[in-house]
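Student: For reference, the chains in residue letters:
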Amino acid sequence: MSMGPLPAASPSLARLVQELHKLPGIGPKSAQRLAYHLIRLPEDEALALADAITSVKRNVIFCQDCQNLTDISPCSICQEPRRNQGQICVVEDPLDVMALERTHCYDGLYHVLHGVISPLNGVTAHDLKLGDLFKRLEAGSVEELVIATNPTLEGEATSMYIRRHLEGRDIRITHLARGLPVGGSLEYSDDQTLRRAFQGRQEL
Amino acid sequence: MPPPRTYHCDALILKHIPFGESGLLVTFYTADRGKVRAVARGARRSNSKLVGHLEPLTQARLTIRRGLNLDDVEQVQAIESFGALKDDLDSITNGFYVAELVDGFGAENGANHPLYQLAIETLHAVAGESQPYLPLRCFDLQLLNVSGLKPELYRCVECRRELEPGRHRFSPALGGAMCLDCRPTDALVMPLSLQAVKVLRLLDRSSPGSIQPVRMGQNLKREVQGLLEVTLEYWLDFQIRSNSFLKDLNRESRSAVYT
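Chains X and R are the protein sequences, given in the same order.
Mapping the first sequence onto the numbering used here, position 52 (from 1) lands on 52, and the numbers just tick up by one.
Mapping the second sequence onto the numbering used here, position 26 (from 1) lands on 26, and the numbers just tick up by one.
In short, the hints are calculated from the structure, not lab data.
Do not take every clue at face value.
With a straight-line Cα cutoff of 30 Å, these simulated DSS-like cross-link-like pairs (lysine-lysine) come out [as the list claims (entries may be wrong)]:
#1 R:Lys150 with R:Lys247
#2 R:Lys198 with X:Lys129
#3 X:Lys22 with X:Lys135
#4 R:Lys198 with R:Lys247
#5 R:Lys150 with R:Lys198
#6 R:Lys198 with X:Lys135
Start from the sequences and build out the full structure, keeping to the hints where you can.
Tutor: Below you can see the structure in the form of structure tokens.
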């Protein structure tokens with residue numbers, strides 16, 4: 001969406017508002033508020049933000065192995081010697097790696113797809129880092145592939161696509177358990193969630 | 001009197017995209033209001049009461065609060081989750097196909113109850129179906145019918161003479177079959193075999209949930225699907241993406257390429 005000319009007599013301020021407006025979830029009013037906030041910031045704080053953006057754009061690359069965003073390739077996770085090299089956890093985006101790392105319950109490697117198959121939104125398998133995953137698996141050292149895509153329809157479709165591609169390969173393919181979230185309630189759960197919760201019930 | 005602030009509707013969830021910090025912008029097709037987009041705030045949180053009921057390809061009953069720009073989803077309860085449709089990649093892709101076409105042909109603020117019924121009936125028909133070709137092609141043709149774009153299959157669209165048994169042509173732009181004697185002015189004109197005319201007429205008389213199996217060769221299947229695909233894309237003015245994905249899947253399955 002293009003914005004009309006600002007009444008302010010400052011082309012640089014108008015440009016900043018326009019650039020901020022391009023960010024996801026930022027409407028024209030929010031863009032103006034953010035721009036005025038940046039103007040009021042001390043110069044060193046505003047320049048630190050500009051420098052962080054420049055640095056990210058110049059230095060952040062895809063890890064050659066896991067495709068996560070990193071400053072060095074291979075990334076620090078892929079280089080960690082204590083990691084289980086025979087396990088790869090497939091996630092949708094880099095934030096999922098951070099969420100799983102916070103749990104300290106997984107010590108294998110990752111592979112970031114940067115999205116999920118979603119034909120309705122114009123995303124097909126070719127738009128994801130799936131080819132890199134399949135090449136990585138050809139090396140033969142991977143024993144288990146843990147699919148940790150979100151339990152959405154698109155996440156499930158991506159998971160099924162990977163499984164179909166690897167049919168007949170000597171790799172154990174697992175996915176994260178499906179069911180009720182901690183703090184959730186049965187009453188408000190949908191049929192699919194309840195069905196999967198029942199299928200995945202465990203001995204006490 | 002101002003309209004009530006909330007309203008209830010039965011709808012088919014078509015798609016959603018992230019909205020804000022933890023919300024979803026959901027597109028659904030309602031029985032009595034046409035296509036609606038509304039925000040489900042907080043729906044991406046793992047303990048949200050909404051999210052499971054708002055998955056695409058779910059028939060749900062929603063309570064919507066009217067907003068200034070976008071409406072808000074207040075409550076939602078799944079009526080039919082189409083579990084069998086979501087257990088298999090090909091079925092999911094067929095479901096995506098139905099949702100994409102309903103999204104494309106469904107108008108906002110334009111109620112089309114037959115279109116809603118058609119979508120629900122088709123999802124029931126293809127869920128867990130190993131041979132979904134005929135229900136899907138029937139959906140294609142009936143979708144054109146309920147959208148007011150019914151192709152002419154009995155008379156030539158140019159000279160209006162009744163079609164005689166034999167080979168013909170088909171023009172999406174002119175709206176249906178043409179006899180060979182009439183000169184086509186449309187660049188998209190395609191050959192139309194007698195068998196394809198018969199299959200199209202059968203699809204026209206049937207519904208996705210009740211169409212009887214017919215023995216068809218691969219060439220005839222390709223011809224009928226091609227005619228319908230070109231016609232749908234002509235009216236949509238864009239390529240059907242889930243169709244391309246399904247074709248890719250079939251190609252990959254056949255060649256079993258390990259990239």
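Student: Confirm or reject each hint.
Tutor: Against the structure, the hints:
With a C-alpha separation of about 26 Å, the suggested pairing of lysine 150 (chain R) with lysine 247 (chain R) holds against the 30 Å cut-off. Restraint check for lysine 198 (chain R) and lysine 129 (chain X): not satisfied, since their Cα atoms lie roughly 45 Å apart, outside the 30 Å limit. Of the supplied pair hints, the one linking lysine 22 (chain X) and lysine 135 (chain X) is violated, its CA atoms being roughly 36 Å apart against a limit of 30 Å. For the proposed pair lysine 198 (chain R) and lysine 247 (chain R), the alpha carbon gap of about 25 Å is at most 30 Å, so the pair holds.
At roughly 16 Å between alpha-carbon atoms, lysine 150 (chain R) and lysine 198 (chain R) fall within 30 Å of each other, so this suggested pair holds. For the hint linking lysine 198 (chain R) to lysine 135 (chain X), the alpha-carbon distance of about 48 Å lies beyond 30 Å, and the restraint is violated.
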